[in-house]
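Protein chains: 8
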Amino acid sequence: MDRLRDLPYEDLDFAKVDHHRELRKGFPEVIFGLGKSPGQIASIADALLKQSDRLLVTRASPEAYEAVHSKIADAAYDEIARTIAVDRRQPSERKVVSGVLVICAGTADLPVACEAAVTAELMDCEVERVFDVGVAGIHRLLDQKDALNRARVVVAVAGMEGALPSVVGGLVQVPVIAVPTSVGYGASFDGLAALLAMLNSCATGIGVVNIDNGFGAGYLAAVINRLPQPQLD
Amino acid sequence: MDRLRDLPYEDLDFAKVDHHRELRKGFPEVIFGLGKSPGQIASIADALLKQSDRLLVTRASPEAYEAVHSKIADAAYDEIARTIAVDRRQPSERKVVSGVLVICAGTADLPVACEAAVTAELMDCEVERVFDVGVAGIHRLLDQKDALNRARVVVAVAGMEGALPSVVGGLVQVPVIAVPTSVGYGASFDGLAALLAMLNSCATGIGVVNIDNGFGAGYLAAVINRLPQPQLD
Amino acid sequence: MDRLRDLPYEDLDFAKVDHHRELRKGFPEVIFGLGKSPGQIASIADALLKQSDRLLVTRASPEAYEAVHSKIADAAYDEIARTIAVDRRQPSERKVVSGVLVICAGTADLPVACEAAVTAELMDCEVERVFDVGVAGIHRLLDQKDALNRARVVVAVAGMEGALPSVVGGLVQVPVIAVPTSVGYGASFDGLAALLAMLNSCATGIGVVNIDNGFGAGYLAAVINRLPQPQLD
Amino acid sequence: MDRLRDLPYEDLDFAKVDHHRELRKGFPEVIFGLGKSPGQIASIADALLKQSDRLLVTRASPEAYEAVHSKIADAAYDEIARTIAVDRRQPSERKVVSGVLVICAGTADLPVACEAAVTAELMDCEVERVFDVGVAGIHRLLDQKDALNRARVVVAVAGMEGALPSVVGGLVQVPVIAVPTSVGYGASFDGLAALLAMLNSCATGIGVVNIDNGFGAGYLAAVINRLPQPQLD
Amino acid sequence: MDRLRDLPYEDLDFAKVDHHRELRKGFPEVIFGLGKSPGQIASIADALLKQSDRLLVTRASPEAYEAVHSKIADAAYDEIARTIAVDRRQPSERKVVSGVLVICAGTADLPVACEAAVTAELMDCEVERVFDVGVAGIHRLLDQKDALNRARVVVAVAGMEGALPSVVGGLVQVPVIAVPTSVGYGASFDGLAALLAMLNSCATGIGVVNIDNGFGAGYLAAVINRLPQPQLD
Amino acid sequence: MDRLRDLPYEDLDFAKVDHHRELRKGFPEVIFGLGKSPGQIASIADALLKQSDRLLVTRASPEAYEAVHSKIADAAYDEIARTIAVDRRQPSERKVVSGVLVICAGTADLPVACEAAVTAELMDCEVERVFDVGVAGIHRLLDQKDALNRARVVVAVAGMEGALPSVVGGLVQVPVIAVPTSVGYGASFDGLAALLAMLNSCATGIGVVNIDNGFGAGYLAAVINRLPQPQLD
Amino acid sequence: MDRLRDLPYEDLDFAKVDHHRELRKGFPEVIFGLGKSPGQIASIADALLKQSDRLLVTRASPEAYEAVHSKIADAAYDEIARTIAVDRRQPSERKVVSGVLVICAGTADLPVACEAAVTAELMDCEVERVFDVGVAGIHRLLDQKDALNRARVVVAVAGMEGALPSVVGGLVQVPVIAVPTSVGYGASFDGLAALLAMLNSCATGIGVVNIDNGFGAGYLAAVINRLPQPQLD
Amino acid sequence: MDRLRDLPYEDLDFAKVDHHRELRKGFPEVIFGLGKSPGQIASIADALLKQSDRLLVTRASPEAYEAVHSKIADAAYDEIARTIAVDRRQPSERKVVSGVLVICAGTADLPVACEAAVTAELMDCEVERVFDVGVAGIHRLLDQKDALNRARVVVAVAGMEGALPSVVGGLVQVPVIAVPTSVGYGASFDGLAALLAMLNSCATGIGVVNIDNGFGAGYLAAVINRLPQPQLD
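Residue numbers (this note's numbering), protein chains in the order written: chain A, 1 to 233; chain B, 234 to 466; chain C, 467 to 699; chain D, 700 to 932; chain E, 933 to 1165; chain F, 1166 to 1398; chain G, 1399 to 1631; chain H, 1632 to 1864.
Be a bit skeptical, because a hint or two may be false.
Below 35 Å or equal to it, Euclidean Cα-Cα: the simulated DSBU-like pairs (lysine-lysine) are [unchecked claim]:
#1 A/K50 / G/K1543
#2 H/K1776 / H/K1726
#3 D/K749 / D/K794
#4 F/K1260 / E/K1027
#5 H/K1726 / G/K1543
#6 B/K328 / C/K561
#7 E/K1077 / F/K1260
#8 D/K794 / A/K95
#9 G/K1448 / H/K1776
#10 H/K1776 / F/K1310
#11 H/K1681 / H/K1702
#12 A/K95 / A/K50
#13 G/K1448 / G/K1493
#14 E/K982 / E/K1003
#15 E/K1027 / E/K982
#16 B/K283 / B/K304
#17 D/K794 / D/K770
#18 B/K283 / E/K1077
#19 H/K1726 / H/K1681
#20 B/K328 / C/K611
#21 G/K1469 / G/K1493
#22 C/K516 / C/K537
#23 C/K516 / B/K378
#24 H/K1681 / D/K844
#25 D/K794 / A/K145
These are calculated hints, taken from the structure and not from any lab test.
Pulled out of the complex, with its shape left as it was, chain A reads as follows:
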């Protein structure tokens, strides 16, 4: 344990735990659950929580949650987002900022959308969720005008033809983070169709993240939403 004072990481044999990331980036290291055993996830989670008061595991199976929960009693599992989260800060330490809207096209996009929402919430953003507003029923989206107007940053999640960010980008003046998902089949090529569509959006003010990268989108949304007030020259 003493060596942790000297080294910026703890060696768990199968993984180096980077305790300094929180200093550099303002958020502790996040565990990507895919391809790790429940036991490995629990051990890394345990080590991270000794140095931080927040924890996030993404792509976590129920089995992974059980393993983590047996070690960390206050770990919370979101079944749809497939995330494990811990936040041990005092309410007074948290300065929650409203303004993140997470919006998705279909119910199959929910896991990615919820991963984005959970991430932004753990980074002290209030998140509004609007789901199942795909462009083939455009009125469902237009009915959400108030939510769109309230937003300071929008995370727009869609698979298949990935058109949602284009329509949203034409309706709002704030930044839009586009998240393609692997929802679809055949010529969706596991999300490639949605990714290309988003990169070629005719709307302005859009940045794209990797296919199914809900975490990355939620993280970027929180960073944008929490930027301090601009300085007028």
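For chain A, the structure is supplied; the task is to place chains B, C, D, E, F, G and H on it using the hints.
Okay, now just chains B, C, D, E, F, G and H, sitting in the frame of chain A:
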């Protein structure tokens, strides 16, 4: 000349002119102008018009039109559609059917959209044109509700993210023919992004044609629009 | 239940059921069975049937059917098409229109072809089926001249080199909906070869749908087949 | 001219000029110069400036500038960015906000980086430029620590292996907009390599735009930089 | 000149001329004209003819022919095939074998088809040509039954959807060499669509060569056609 | 059973058995085992053998063989080739022709190579097998000069970089059928690397079949090997 | 056994064991464990060790190790590298050379990095390992300056955006072997993103191997590290 | 001029000249000529030579050479390699090391091969050149056994199927640097086929560089060839 009575095609040395296509498909052979010299186009056009009273050349340059026009005085050129058309039928022979709507996302899609419109018109359809209604300004599209409701078949043309057919498909109950265009740059990969988006549309009732294939879309629209009344069993 | 009167969808927690789609598109929401548990499919099906007298589930496993059947006694399963269908309308309510021909290249294409046929039938079309007429035995296709001549719209299904729609498109004057399937191996790249072939068809009057999208093809065929009589100007 | 009062766009025959975009998005329509003749660009520019006090043309050739300049005396050309810009607002109308850093990997990326910078400047951001700091000479980048710390949003532009945003993303806590360029040859596949690298960045807080899309990156940076102060709940 | 007796090649500074290939493969080295200057082609041709009595240049421009013809008076140019050929053997030396059929789908495929034919002829095969028999007009192909039955080996050339070899392969019992061409646009991706279709043919007895490789197809056809009589065990 | 006299195929409900293929192509229909249940394969095999005295099943699992063997006692299984074969002809009916050489690069290519060999043998060719002679140990290949010289047609099978057909093509004067295999990992992209290499071979006299298509290669080899003696004009 | 004296390989029925490779390349044949059964691996390993005093199996499962270990008591298993290694040489026979540095970006890259390290060690190189120094935390890499300066050849392993070799290549004057891994998801396309990035590196002195090819990188590193002293002219 | 003492680069307005690269990497910055005007190249060259006694310009046109030569009288142009080189060191300063062999498959690969050779020579390596030894005439390569045995590092350059490095890698024990070229057409996809082949080589000891990257290969070869003697532990 006599051999034309025996053979279904005329041999121009550099091309066999298929005079029987009109019988099989209800429309004469169409000249694809790209890669042919003005002189070649004029010669083929001349030969075709000896057996048919209609002519269509697509992807025709102004130079090609000059060459054709010098031989065929009643040839009409559409500069935007890049088409040369001749229709020598008597008005009484034409039974024009209304119902085709050609709609496009941006001004750069005009050549493809107009090629579709000219084709459908030569096939005796009345064509309504609604241009520059891309999804990033969704209200421009929604303002066209009347035109959409009037349509019996919609040709929806778009480059970049190719989202227009999805939104249109959600608004109408009639068939939508989606035409991806090569408009865009970078990750549009010459129209691949729009093509994949259209194939993965979450809306129903959509059929897709090749990139920039305005002729194919106009042809299919006319065939659909002119189907005789269905038989009720 | 009361809220269903106010909201256009019912919230099943894991899915929002869109009861208004039938009004917009003339057909109720369809359940895409892939990736949903039998229990989830049964619950969504149950909710949909409370608002509609028709139901269609595609890509449904036998297990999904069992779950649905235990709740919905009149649900019918098509093992080859992998569809679950319910139609509670009175015979007098149905105005069946003949004219849809579904044709496929090989026996491995049957599931996609049958999905198209079942869809069009539920949309009140009489469907003629001609299977196993791939282009490598062209006489089998040419023997179907009568069926081809009877058709008002043809759904042509093929994997591997995807050549069937081109040959059919050269034989008929009616619209052809081309459906590439993922049948093949190696350089078929899960249906990409057939998809590209169909998009590049040298025949006219062809619209293409996504790989394996039998439902989309059947839907489009029915929409075309049921278009009301054209208005002559 | 009168009809401009009624219609949200002006019809120049070859283009519809969208005068309402400024209301919707806070910035007037931008002219994408590629594929338009100098004369066309000048005409559209002229029409836009009748309704707006700002103008931006991207991908503008020197010939395009000459045509524009002959009509619009106060048009300014940036040879490297290939932009034509006009800003007729009074200094008192402009509230310039500092905080945008545009950084690029190699000198060949300059046109894209400068397009981003010019765009953000016209949107009232003060832009700091740091060029030629590719990752193969990492100390050049690390020497820019002060600039990185000053930034509220970073636009990171790179071709070839596209690694710059990953390194920058690990050094800053603010949003990073990654712009892949088509600089490279062979297996860069016109910017695909850089694009994929940026989408797969192991750093957090990164959004990606299309290949060579300097305008889109500058626009998004300005929108982020000018977000009003967050509301604490 | 003396060193040619020792070395299997002649050094022209910009190219090594391989005089031994004729021994190894039964046919002299062939000059691929693309990317070589007329002067270079003429020099290589001259050197080759000093060691061989046959010469073949492919992808030769009219300018290349002029340069060759000025040095080699008996060189013959085929404008469509873009080949330069010389054959100085005595008629008695040539044992011509009939049996090669070259067939193509559209007139745009002619250059590739003729390159195949010219190659096989120079390799002492009698070649029958059947052009413009694409599958969208299947009766044109079926009318060629006699030619198909006469053939000992068929070269089937097609662009776009590349379906011709599949249909031909179903009609004949002899080997079919499939040649995809780059004829097409959009999703043909410069011949990729046709190439994939041919590799996935549902017919048997088909071998595929590179896109536009008429020479390779003609060569292979000649090698097959000239195989000596099989030995019965 | 009687209807088999009238119809060219037998309807097994899940498959139409094409009994006429043997007449058209000289070889009965072949069963592609992948994706069919052992029971289905056995039923189709049984039906086919009622009309033919030969049977070939490819991609057959041991379980499929058991099912077939229980119905067809004389069925032979090749474990490496994964084929089930039956040949009930009298020895006097078979006219075996020597001349097919099947050669492969690595031991992992054996299943594909053996599938080719078994196919050619069932088509009355004597097949010589030379395995594990990849180009990275070129002397192993050069040691096979006698076998190469004996061959009338060579089937060259290779995965990974797919270089074997190029080297073989430079050593022989007879046709070479190149078979890419999916052996490899990473940038082999399931055989794409080998496929592209073979299509781009700098050697002449090579035709390529689909990835892993041992059957197609063996079939083509047999058709070539059994071509009757050429006619000299 | 006697035939092993005559033949350069031993026939194990399912594999030919190449005993001469050690002479040609200086290292015995390596067993690629993927797709081979534990029993097959053990048999080949046994045969190889009869002719060599070294053995390397890559991609070996624990089950494969058990099978090998039951036959070969001194076989050592590396769980992370998934390698089985045997070295029966006397210490005096080994001339170990220091200078190979294996460096990787993330913990998920460890299996590939360790495979490289184990391979180079078995080829008599002393290997220094530096793991988890991805470019998003550039200081972790810069802290390794001493290790980088000590290295005579660096193996740099990374997935996702694959930027590590570029940064390393800018810091050292020695050869860098870049190994892309399949670590990542979505647009990493199983390592393609990292592969393209490494091929397009803006740094000099870099050679790339196949995705996940730790063995190939370790082998090349050892060959470079053990090159005898250059001859000065 | 004075600022050059303080800054590691000189600002030429259109380019920053990096004078410190020579210290970091042992070789001065190299000018990539493609896309730069002759005047720009000459100016950068001039600036670089003020700080270094060596200069290398790659992809230089004859016009670029003229511009450089007018400023730098001792600049030497290699027409085939398209390089401009200057070396002002005293012969005594150069310690030339023999051992680099540059080998290529066809004459069309010469520009890339020569670029590699010129680069290695400027880095004080003696380079042996063996050209036009493609694998389709394997004996030409085997005849070069002496050259192969002399080499300490081989640069193997090939387009089309890119098989040369595999064969060479099987013959030598030294490192092989594989350079794919864009030579080819159709399914070579501008060098992709050769690139994939080289990455999948079944031979060991091979590192790959980008398509047409002769400079990168020559640089890496020189770095390997000049590694100081290994330290035995």
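Against the structure, the hints:
1. The hinted pair formed by A/K50 and G/K1543 meets the criterion: a straight-line CA distance of about 30 Å does not exceed 35 Å.
2. This hinted pair checks out: H/K1776 and H/K1726 have alpha carbons roughly 27 Å apart, not beyond 35 Å.
3. For a cut-off of 35 Å, the pair hint linking D/K749 to D/K794 stands: about 23 Å separates their Cα positions.
4. Taking the CA atoms of F/K1260 and E/K1027, the gap is near 28 Å; set against the 35 Å cutoff, the hint holds.
5. With a CA separation close to 28 Å, the supplied pair H/K1726 and G/K1543 stays within the 35 Å bound.
6. Proximity of B/K328 to C/K561 is assessed by CA-CA distance (about 28 Å); at most 35 Å being required, the pair is judged to hold.
7. The suggested pairing of E/K1077 with F/K1260 holds, with an alpha-carbon distance near 28 Å, which does not exceed 35 Å.
8. Proximity of D/K794 to A/K95 is assessed by CA-CA distance (about 28 Å); at most 35 Å being required, the pair is judged to hold.
9. Between G/K1448 and H/K1776 the alpha-carbon distance is near 31 Å, which keeps this suggested pair within the 35 Å criterion.
10. With a CA separation close to 20 Å, the supplied pair H/K1776 and F/K1310 stays within the 35 Å bound.
11. Distance restraint check for H/K1681 and H/K1702: the Cα-Cα separation of roughly 12 Å lies within the 35 Å cut-off, and the hinted pair is therefore satisfied.
12. With a CA separation close to 23 Å, the supplied pair A/K95 and A/K50 stays within the 35 Å bound.
13. Taken as a hint, the G/K1448 and G/K1493 pair is honoured in the structure, with Cα atoms around 23 Å apart against an allowance of 35 Å.
14. At roughly 12 Å between alpha-carbon atoms, E/K982 and E/K1003 fall within 35 Å of each other, so this suggested pair holds.
15. In summary, the hint linking E/K1027 to E/K982 is supported, as the alpha carbons are separated by about 23 Å, within the 35 Å threshold.
16. Note on B/K283 and B/K304: the hinted pairing holds, with a Cα-Cα distance of about 12 Å set against a maximum of 35 Å.
17. The hinted pair formed by D/K794 and D/K770 meets the criterion: a straight-line CA distance of about 28 Å does not exceed 35 Å.
18. For the hint pairing B/K283 with E/K1077, the CA-to-CA distance comes to about 30 Å; that is within 35 Å, so the pair holds.
19. For a cut-off of 35 Å, the pair hint linking H/K1726 to H/K1681 stands: about 23 Å separates their Cα positions.
20. In summary, the hint linking B/K328 to C/K611 is supported, as the alpha carbons are separated by about 28 Å, within the 35 Å threshold.
21. A threshold of 35 Å between alpha carbons decides the hint, and for G/K1469 with G/K1493 the separation of about 28 Å falls inside it, so the pair holds.
22. Our distance criterion of 35 Å between C-alpha atoms is met by C/K516 and C/K537, whose separation comes to about 12 Å.
23. Distance restraint check for C/K516 and B/K378: the Cα-Cα separation of roughly 31 Å lies within the 35 Å cut-off, and the hinted pair is therefore satisfied.
24. In summary, the hint linking H/K1681 to D/K844 is supported, as the alpha carbons are separated by about 30 Å, within the 35 Å threshold.
25. A hinted pair counts as satisfied when its Cα atoms are at most 35 Å apart, and D/K794 with A/K145 qualifies at roughly 28 Å.
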